[in-house]
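In my numbering, each number is its position in the first sequence, counted from 1, plus 120.
Simulated from the structure, these hints should not be mistaken for laboratory data.
A hint or two may mislead.
As a list, the in silico DSS-like pairs of lysine-lysine whose alpha-carbon atoms are at most 30 Å apart [said to hold, decoys possible]:
#, residue 1, residue 2
1, Lys375, Lys257
2, Lys451, Lys475
3, Lys442, Lys468
4, Lys456, Lys416
5, Lys576, Lys548
6, Lys503, Lys442
7, Lys529, Lys456
8, Lys177, Lys370
9, Lys177, Lys158
10, Lys468, Lys167
11, Lys158, Lys475
12, Lys475, Lys529
13, Lys468, Lys548
14, Lys409, Lys529
15, Lys529, Lys468
16, Lys167, Lys598
17, Lys375, Lys177
18, Lys429, Lys416
19, Lys375, Lys253
20, Lys451, Lys158
21, Lys409, Lys177
22, Lys529, Lys167
23, Lys446, Lys475
24, Lys158, Lys442
25, Lys468, Lys443
26, Lys468, Lys503
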Amino acid sequence: MAKEVNNQEENYSLWYNNLVTKADLAENSAVRGCMVIKPYGYAIWEKMQADLDRRFKETGHVNAYFPLFIPKSFLSREAEHVEGFAKECAVVTHHRLMANPNGQGLIVDPDARLEEELVVRPTSETIIWNTYKDWIKSYRDLPILCNQWANVVRWEMRTRIFLRTAEFLWQEGHTAHATREEAEEETLRMAEVYASFARETMALPVILGKKSASERFAGALETLCIEAMMQDGKALQSGTSHFLGQNFAKAFDVKFATKAGGLEYVWASSWGVSTRLMGALVMAHGDNKGLVIPPKLAPLQVVMVPIYKGEEEMGRVVEHLKKIQKGLETKGISTKIDDRDHLRSGFKFAEWELKGVPVRIAVGPRDMEQGTVEVARRDTLEKSVVSQAGISTHIHSLLSDIQDNMYQKALSFREAHTHRVNSYAEFKERIEDGGFFLCHWDGTAETEERIKNETKATLRVIPFDHDGETGTCMVTGKPSAQRVIFARAY
RNA sequence: CGGGGUGUAGCGCAGUUGGCUAGCGCGCCACGUUCGGGACGUGGAGGCCGGAGGUUCGAGUCCUCUCACCCCGACCA
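Full structure from sequences and hints, please.
Structural data, given as C-alpha cells:
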C-alpha cells in the first residue's frame with residue numbers, strides 16, 4: 121500500500137459511517153449491495169449536484185427525465201451495448217402479486233406476466249434514443265443537449281459501498297448533433313467539465329484522457345475519462361464521456377433532414393458521473409481522524425463550539441458565538457453552533473473532525489476576555505488563536521486556503537506515487553506498491569490483456585496531457601507514440 | 001459461480017471438553033459531580049445466541065440442511 125494507514129480497509133467505517141449505512145433489507149432478500157445514504161452524505165451529494173448542474177447549464181444543457189423501465193427489446197437494438205449490459209440487468213417480469221393460495225404471504229400472480237419484460241435501466245441510451253427519434257426530424261431540431269438525474273441498477277456480482285453498489289445515483293447526459301465534429305467536441309467539452317469539477321470543487325486532481333478500445337463503453341466509438349488516485353495508490357475512474365458516433369441513431373433509426381435536403385443519421389454523445397464520486401472524495405481526502413470534506417462541498421463549513429462551565433456561562437458564550445455566526449453568514453458561510461450541553465468540548469471536537477467539517481471555532485471565557493477565538497482547520501489539524509476583529513474575513517479566506525491546500529496535497533500525493541517505468545520487470549515489481557505507472561505501450565489489446573493477467577493492472581487512461589516522448593513498449597518492444605497510465609484500479 | 005471466513009443487545013466482541021439465571025466494552029435512559037481535546041460515579045433499559053430440523057436429562061456450544069453478510073477471484077462505473 122502506498123500509504124499504510126490511509127487505506128480503505130482500515131478506515132472503512134471511520135470514513136463511511138457518517139455518510140451511509142448498509143441497506144438493512146429483509147432476510148432472504150436477493151438485493152445485495154444497496155446503500156442507505158444518510159442525510160449528511162446526501163447533503164454532500166446535493167452540493168455536487170448543484171455545482172455540476174451549474175456547469176451543465178453554462179454549457180447549454182437542460183435537465184429532463186426518462187422512464188426507469190426499458191423494454192427488453194430496446195436493449196438489444198445496439199449489438200455492443202447489449203453485450204456490455206445484458207449480464208447485469210434487473211428484469212421485471214410481472215406486474216401483480218396475489219395471496220398465496222397454499223398458505224400465508226404473497227406470491228407473484230402467474231397470470232400477471234408481462235408480454236415483454238422490462239429492464240430496470242442500467243443506463244438510458246436506449247430509451248432516450250427511442251424518444252429522440254420522435255423529437256428529431258430536421259437539422260433545426262439539433263442539437264439536443266439533455267441531462268437527467270436518476271438512479272440506475274446494475275446487478276454486479278460483487279458490490280462495494282459507493283464504488284460499485286447495485287443501485288446508484290448519477291447524472292447522464294445524452295446529446296444529439298448534426299455532425300460528427302460537433303458530437304466529438306461535445307464529448308471533449310463534457311470530459312473537461314468533469315475534470316474541472318473534480319479539481320475545483322472536489323479538490324481532486326484527475327488525469328483527463330481517453331480509454332483504450334478494450335475499456336471503452338459498450339456501444340461507444342471513443343470513451344474519455346477522468347482518472348483519480350486514491351490514498352492506497354489505486355486508480356478510480358471518476359467520470360466518463362462517450363462519443364457514440366451514429367450507433368444509437370442507426371439502432372433507433374434517428375435521421376434528420378439536412379439543410380441541403382438530404383437525410384442523415386444523428387451523431388451522439390453521452391456522459392455521466394455517479395455517487396462513486398462520493399467514494400472518490402472520501403478515499404482521496406480522508407485521514408485517520410475521519411472525513412475531510414473540501415469547503416466547496418461541505419454541508420457545514422464552520423462549526424462553533426462553546427467552552428463553558430455552568431449554564432449561565434454557556435448562555436453568555438453562545439450569545440457571543442451568535443454574533444460571530446451572523447458575520448460569517450453574511451459572507452455566505454454555512455455555520456452551526458454546537459450547543460449540546462450533555463457533551464464535553466473534547467468529544468465535540470473529535471466528532472466534527474470525524475465528519476470532516478473544514479473549520480472549527482472554539483470560544484471560551486478566556487477568549488471573550490481577550491477578544492480572540494480559537495480557529496482549527498481540518499485539513500492540517502492546525503489550531504491558531506486569532507483576533508475576533510475581522511474574523512469573518514479571516515475565515516472566508518481560510519476556507520479558500522483549505523480548498524486549495526487539499527487539492528495541492530492530493531496532487532503532491534499523486535505525483536509522489538506516479539512512476540515512469542521502462543522495463544516490464546520493474547513494472548511488475550513496483551506495481552505491488554500501488555500508484556500510477558507511466559509506461560510505453562504498443563497500442564494492442566493483446567499486450568493490455570497480458571499485463572492485466574500478469575499484474576492485475578489495467579490501462580487506466582491515455583492522457584491528453586503528455587510530453588510527446590515516443591518510445592518502445594515495455595512488454596513487446598514495439599513502437600509507442602506516448603506514455604500511458606497503468607494502475608490497479610477499483 | 002469457485003476458494004476462505006463470520007453470524008450472540010444499536011455497534012464491537014467473549015462465551016472452555018455441552019451444565020443450570022447468557023456475559024463484557026462502547027452506546028442509550030435517569031440522577032449527581034464535571035466541562036479549554038473523546039469525563040466519572042450510582043442506578044436502569046435492552047437478547048427466540050441468523051433460521052429450520054436433529055442428537056441429548058440438558059444445546060450459544062455437537063450433527064445435518066438452509067439463509068445472510070464479509071474477504072479473495074471471474075464481471076464492472
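Outcome of the hint check:
1. Lys375 with Lys257: Holds, at about 7 Å.
2. Lys451 with Lys475: holds, 23 Å
3. Lys442 with Lys468: Measuring from Cα to Cα gives roughly 18 Å; hence the hint holds.
4. Lys456 with Lys416: Holds: Lys456 and Lys416 sit about 16 Å apart, inside 30 Å.
5. Lys576 with Lys548: Holds. Lys576 to Lys548 sits at ~10 Å (cutoff 30 Å).
6. Lys503 with Lys442: Holds. Lys503 to Lys442 sits at ~21 Å (cutoff 30 Å).
7. Lys529 with Lys456: holds, 27 Å
8. Lys177 with Lys370: Roughly 28 Å between the alpha carbons, so the hint for Lys177 and Lys370 holds.
9. Lys177 with Lys158: At roughly 28 Å apart (the allowed maximum being 30 Å), Lys158 and Lys177 satisfy the hint.
10. Lys468 with Lys167: Holds, at about 24 Å.
11. Lys158 with Lys475: holds, 12 Å
12. Lys475 with Lys529: holds, 19 Å
13. Lys468 with Lys548: At roughly 46 Å apart (the allowed maximum being 30 Å), Lys548 and Lys468 break the hint.
14. Lys409 with Lys529: holds, 17 Å
15. Lys529 with Lys468: Holds, because 26 Å separates the two Cα atoms, which is no more than 30 Å.
16. Lys167 with Lys598: Violated, because 47 Å separates the two Cα atoms, which is more than 30 Å.
17. Lys375 with Lys177: holds, 26 Å
18. Lys429 with Lys416: Measuring from Cα to Cα gives roughly 35 Å; hence the hint is violated.
19. Lys375 with Lys253: holds, 8 Å
20. Lys451 with Lys158: Holds, at about 28 Å.
21. Lys409 with Lys177: violated, 37 Å
22. Lys529 with Lys167: holds, 22 Å
23. Lys446 with Lys475: holds, 23 Å
24. Lys158 with Lys442: holds, 28 Å
25. Lys468 with Lys443: With a Cα-Cα distance of about 21 Å, the restraint between Lys468 and Lys443 holds, given a limit of 30 Å.
26. Lys468 with Lys503: holds, 15 Å
Hints 13, 16, 18 and 21 from the list above are not met by this structure, while the remaining hints are.
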